[in-house]
Structure formats: structure tokens, C-alpha cells
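Protein chains: 2
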Amino acid sequence: MDPQQQFLKKSEEAKDLFIPHLSTDPVVFGFDQSELKVLLLQMTYRKQWLLPGGYVKKDEDLDAAAERVLRERAGISDVYLEEFAVFGKKNRSEFYFEDFDESLWHKQRFISIGYYALYNPDNANLIIDEFSEKCEWIYLSQLSEIELAMDHREIIEKALLTLRERISYKPIGYNLLPEKFTLSELQKLYETILGKELNRGNFYRKIKNLGILRKLDEQRRGGAHKSPDLYSFDEENYKKALENGLNNW
Amino acid sequence: MDPQQQFLKKSEEAKDLFIPHLSTDPVVFGFDQSELKVLLLQMTYRKQWLLPGGYVKKDEDLDAAAERVLRERAGISDVYLEEFAVFGKKNRSEFYFEDFDESLWHKQRFISIGYYALYNPDNANLIIDEFSEKCEWIYLSQLSEIELAMDHREIIEKALLTLRERISYKPIGYNLLPEKFTLSELQKLYETILGKELNRGNFYRKIKNLGILRKLDEQRRGGAHKSPDLYSFDEENYKKALENGLNNW
Numbered sequence: 001m002d003p004q005q006q007f008l009k010k011s012e013e014a015k016d017l018f019i020p021h022l023s024t025d026p027v028v029f030g031f032d033q034s035e036l037k038v039l040l041l042q043m044t045y046r047k048q049w050l051l052p053g054g055y056v057k058k059d060e061d062l063d064a065a066a067e068r069v070l071r072e073r074a075g076i077s078d079v080y081l082e083e084f085a086v087f088g089k090k091n092r093s094e095f096y097f098e099d100f101d102e103s104l105w106h107k108q109r110f111i112s113i114g115y116y117a118l119y120n121p122d123n124a125n126l127i128i129d130e131f132s133e134k135c136e137w138i139y140l141s142q143l144s145e146i147e148l149a150m151d152h153r154e155i156i157e158k159a160l161l162t163l164r165e166r167i168s169y170k171p172i173g174y175n176l177l178p179e180k181f182t183l184s185e186l187q188k189l190y191e192t193i194l195g196k197e198l199n200r201g202n203f204y205r206k207i208k209n210l211g212i213l214r215k216l217d218e219q220r221r222g223g224a225h226k227s228p229d230l231y232s233f234d235e236e237n238y239k240k241a242l243e244n245g246l247n248n249w
Numbered sequence: 001m002d003p004q005q006q007f008l009k010k011s012e013e014a015k016d017l018f019i020p021h022l023s024t025d026p027v028v029f030g031f032d033q034s035e036l037k038v039l040l041l042q043m044t045y046r047k048q049w050l051l052p053g054g055y056v057k058k059d060e061d062l063d064a065a066a067e068r069v070l071r072e073r074a075g076i077s078d079v080y081l082e083e084f085a086v087f088g089k090k091n092r093s094e095f096y097f098e099d100f101d102e103s104l105w106h107k108q109r110f111i112s113i114g115y116y117a118l119y120n121p122d123n124a125n126l127i128i129d130e131f132s133e134k135c136e137w138i139y140l141s142q143l144s145e146i147e148l149a150m151d152h153r154e155i156i157e158k159a160l161l162t163l164r165e166r167i168s169y170k171p172i173g174y175n176l177l178p179e180k181f182t183l184s185e186l187q188k189l190y191e192t193i194l195g196k197e198l199n200r201g202n203f204y205r206k207i208k209n210l211g212i213l214r215k216l217d218e219q220r221r222g223g224a225h226k227s228p229d230l231y232s233f234d235e236e237n238y239k240k241a242l243e244n245g246l247n248n249w
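Note that the protein sequences, when read in sequence, are chains A and B. Just so you know, we're using UniProt numbering here: the first sequence kicks off at 1 and counts up by one. Just so you know, we're using UniProt numbering here: the second sequence kicks off at 1 and counts up by one.
Careful: at least some of the hints might be erroneous.
Note: identical chains are not told apart, hence a pair may lie in one copy or across any two.
[Said to hold, decoys possible] Straight line, CA to CA, 25 Å or less: simulated DMTMM-like cross-link-like pairs of lysine to aspartate or glutamate:
{"hint": "1", "residue 1": "K226", "residue 2": "D122"}
{"hint": "2", "residue 1": "K58", "residue 2": "E235"}
{"hint": "3", "residue 1": "K226", "residue 2": "E130"}
{"hint": "4", "residue 1": "K239", "residue 2": "E13"}
{"hint": "5", "residue 1": "K215", "residue 2": "D129"}
{"hint": "6", "residue 1": "K47", "residue 2": "D59"}
{"hint": "7", "residue 1": "K240", "residue 2": "E157"}
{"hint": "8", "residue 1": "K239", "residue 2": "E154"}
{"hint": "9", "residue 1": "K215", "residue 2": "D151"}
{"hint": "10", "residue 1": "K180", "residue 2": "E197"}
{"hint": "11", "residue 1": "K15", "residue 2": "E130"}
{"hint": "12", "residue 1": "K240", "residue 2": "E197"}
{"hint": "13", "residue 1": "K90", "residue 2": "E147"}
{"hint": "14", "residue 1": "K134", "residue 2": "E154"}
{"hint": "15", "residue 1": "K240", "residue 2": "E154"}
{"hint": "16", "residue 1": "K57", "residue 2": "E130"}
These are computed hints drawn from the structure, not numbers from a lab.
One chain only, chain A, in its complex shape (with noise of 0.2 Å):
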């Protein structure tokens, strides 16, 4: 059976399963101390790259579709999805199905919900679906290189805005670094989710005042600097402004 047969085949096998309307889309960040990538596929019979994303279920909560979306279709299971944003289009699907007829479901109009993670990529061991032939971690440096299915360029550039203001209020580093890091460790982070540099007097000040850090009685040694202080998360104080902002005003 080629890959589009098969295709059909699963389909219409699934057809009473799913809402027609309804996908949802993970894209997952991986960050790898000095560049963001993101989680992506291709299908056995198409070029075209895609987020990792499916139908929702008539009798699934839409969480719940999320999380099992992305571990039937790259095999992760342990990262915390947060819905950001609704792509919702009345032509977004229009021009995906076109080789196909009328009688595939798929063709009706569908919306997708947006969610993000960020994450780190050596938790993962990524497992191929039945109906891809790949799934990557692609540098956003890359993006521009490859062709990306529907609205999926947009899709990714939202999360990435979503993932750059969520710094101004939220927290963020912790499982992304190792337990004990150095402040310029944690500046990298900033800068490479913010995509350029910040000044190092400024930041230091700034993060230092958020009072999520605790400063150990320990220095990172081996360089050819001073040995730079080491710091961990203060979970108790992490945990609070997760839940509560971190409060700017």
C-alpha cells in the first residue's frame, strides 16, 4: 500500500472518532544552551514539514488531546503544554487536502489550538509515528530553509512571541538548566529565547531582585576567568511567582 492509501485507510477508520473541526498543535522549543529549535515532521507522502499536532477526540478534554497528540506523534510525554493561542482562519486548511476528494473528512474546514513548551531536548528520545517518515529538532535559524505545511510559519512565530513576553511576568529556566549554573549561564538563556543580547550589569541586578535565586557557597572552576559564583532555583520562591506573576508594578 503506498503511504497516501494508507493514509485513507486510517482515516476513514477514525473518521467517528474526532471532532472534524478541531486539531490542536504542540510546538515544543528545545533549548540547547546556545540555540532554540523546534519539534517538527514530515509525512511519508509529503515534502512539507509539519507541527507535530492532531484531531481532538468527541469525548476528550482539550488538554488532555494535546498531550496525547504529542506522545503519539514524537513520543514525548513528560513536558507541560500551555495553550497560547487559536489559529482560526476560514481558509488556513483550504489548500492541504486539495489532492484529495470531497468524501475525505479532513477537507472540512478545521481550527487548531496553539500550545508551546519550552524544553529540553536531552530528555527526549523522539519515536517516529506510522504515517512520518521524520521527526526533528529544526534550528528556528533553519526555519527559513524548509517549506512548512498551512499556517504552521505563523503557528510557530506566535509561540515565540508568547514565549518571549511570558519572561517579562513569568520565571523561567528551571529543568532547562543544569541544577547549579552561573548567572552569565542563565543570562545565555534570556538572550537566546529574547534573540539578542542584554547587558550584563542590567541583568544581573534585574534577576537577582526576583528573588528565585539562591546563591551557593560554591564557584564553577576550570575556566580561564575567575571562577564565576553558582547559583541554584529557590523552589519555594520559583513556585510563587510561577503562580502568582512576577509582579512588575
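Let chain A serve as the given structure and place chain B on it in line with the hints.
Using the frame of chain A, we list chain B on its own:
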């Protein structure tokens, strides 16, 4: 025809126009110099209060649906609505139509896309639609005393949380304050949104540092105290800050 019969008749007429699984709920906050209010309506055949929401048409962009629904149900058409969250629990609408039989298409599961806006209620000339008995501004402090339909209380709370987070990274106040205002009036707006008092010195310092204010060569006269300086927004910088965020880092 009693209200419930009228609803059934209109519902049957509208059946083919809408996606039954998809509605939008606009949360419009009004600021009246001292407190926040929210726009709600009460339908003729029910005691519960509702957000002025409705279904999305099959051939309609999502954003356009939110605008249309607010216009049709409350008469408001000059407000910029921003999508903020999706409400997609599988049982969320289960009980709302329980006094109708299964043939009613509304009984199918639907998710709701939440939109919100902060609005000057002086601009509003509220118009009640044919299904409603009331369309009113209700103070947030009075919400605990009324009965709200489905998960609409949760939708309002999430909208308020989003608004509070938003003022960490976006300017606010344009179209809500008079053209010329005092810093104390601006502080009152922030305090009303945040639901708490702010330190005056800190607030003045931070708000001036944003670069979005122009100090005028005028004072507010007539009070018992020293006449305070008047300010207006620097339109260009305000717009820039709206687009790029306030850049706390």
C-alpha cells in the same frame, strides 16, 4: 410564542449556518475610574447570566465571529477584541441545554474561544438582542452574588488574569483615560486592574522610565492640594511599545 419556543424556532433556522462545535465568548471589561465591570446578559428564558457569546459561522474567520457576536448581542462595534484562551473541557456545556431534547443541535459538545477587551463604558450604547432580557455592566465585586452559566465565571477570571499579566509587558490606558491625565489617575487605572494598591514613588519612577508619557506644560487646577502636572501619551512611543512589548530585560 413563549421565549423557549422562540429560541427553538430561531435555532432551527440557524442550524446550517454555524459550526456546532465552536463558539466565541467576548469578555469586555469596563473601567469607570474606580472599579472594573464586565458586560453580561440575561436571556429571556433563563435566570443565569451569560457572556455575550455565540457560535462561529461556517464561512467566517474566528476574529470576525467574535466581533459580529458582540455587535449582535450587545450593540458594541468599536472595540478591539484580543483572543486570550480556549475553554475546551468535554463536559462544559452538558447541563446548559438539559431541558431540551437531543434533537437540539446546541446539545453537541462545543468549545469556546475567549476574547477580551478593556473598554471605556462611556462609549457604549448597549442594545439588547431578541433573545435577551438584559444586557448590563456588572461590577466584578458583585459577580459572586449572581449565577453565571456554564464555565463563564472561569472565563471571566482567566480574562482578568490575562489582563493583569498583560500590563507587565504592554502599555495600557489609551482610550480609557482623558487625553490629559495626572500620574495619580494613571496609577488608579493600574491599581484597579491589579486589584491592589501600588507604592506611589515606585510607580511614578517605573511608568516614567517606559518613555510612553509626555509631560505637558499644564497642571490640573482646582483641588485642595498642590496642582498636579498633566501628562498625555506619546503616541509614537506608545504604539511602538504596544508592538514590541515593554522589554523588561
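Quiz item: Are the CA atoms of K215 and D129 at most 25 Å apart within a copy, between copies, both, or neither?
Solution: Close neither inside one copy (44 Å) nor across copies (60 Å); limit 25 Å.
Quiz item: Is it within a copy, between copies, both, or neither that the alpha carbon of K15 lies no farther than 25 Å from that of E130?
Solution: Within one copy only: 17 Å inside a chain, 38 Å across chains, cut-off 25 Å.
Quiz prompt | Alpha-carbon proximity context of K215 and D151, limit 25 Å | solution = neither (44 Å within a copy, 44 Å between copies)
Practice problem: Evaluate K180 and E197 at a C-alpha cut-off of 25 Å and name the case that applies: within, between, both or neither. | Solution: Answer is within; shortest intra-copy Cα gap is 23 Å, inter-copy 37 Å.
Self-check item: Alpha-carbon proximity between K47 and D59, which holds within one copy, between copies, both or neither at 25 Å
Solution: neither (32 Å within a copy, 29 Å between copies)
Practice problem: Give the relationship of K240 and E154 under a CA distance limit of 25 Å: within one copy only, between copies only, both, or neither. | Solution: between (32 Å within a copy, 21 Å between copies)
Exercise. Check K239 against E13 for me: Cα-Cα at most 25 Å, and say if that holds within a copy, between copies, both or neither.
Key: neither (44 Å within a copy, 51 Å between copies)
Self-check item: Within, between, both or neither, where K58 and E235 count as close if Cα-Cα is 25 Å or less
Solution: neither (38 Å within a copy, 48 Å between copies)
Quiz item: For K239 vs E154, is the C-alpha pair at or below 25 Å within one copy, between two copies, both, or neither?
Solution: Classified as between; 22 Å across copies, 31 Å inside a copy.
Self-check item: Intra- versus inter-copy proximity for E130 and K57 (alpha-carbon distance at most 25 Å)
Solution: Intra 19 Å, inter 35 Å, cutoff 25 Å: intra-copy only.
Quiz item: Can you tell me if K240 and E197 fall within 25 Å by alpha carbon in one copy, between copies, both or neither?
Solution: between (28 Å within a copy, 20 Å between copies)
Exercise. State whether the alpha carbon distance between K226 and D122 is at most 25 Å within one copy, between copies, both, or neither.
Key: neither (29 Å within a copy, 62 Å between copies)
When each numbered hint is compared with the structure, violations occur for hints 1, 2, 3, 4, 5, 6 and 9.
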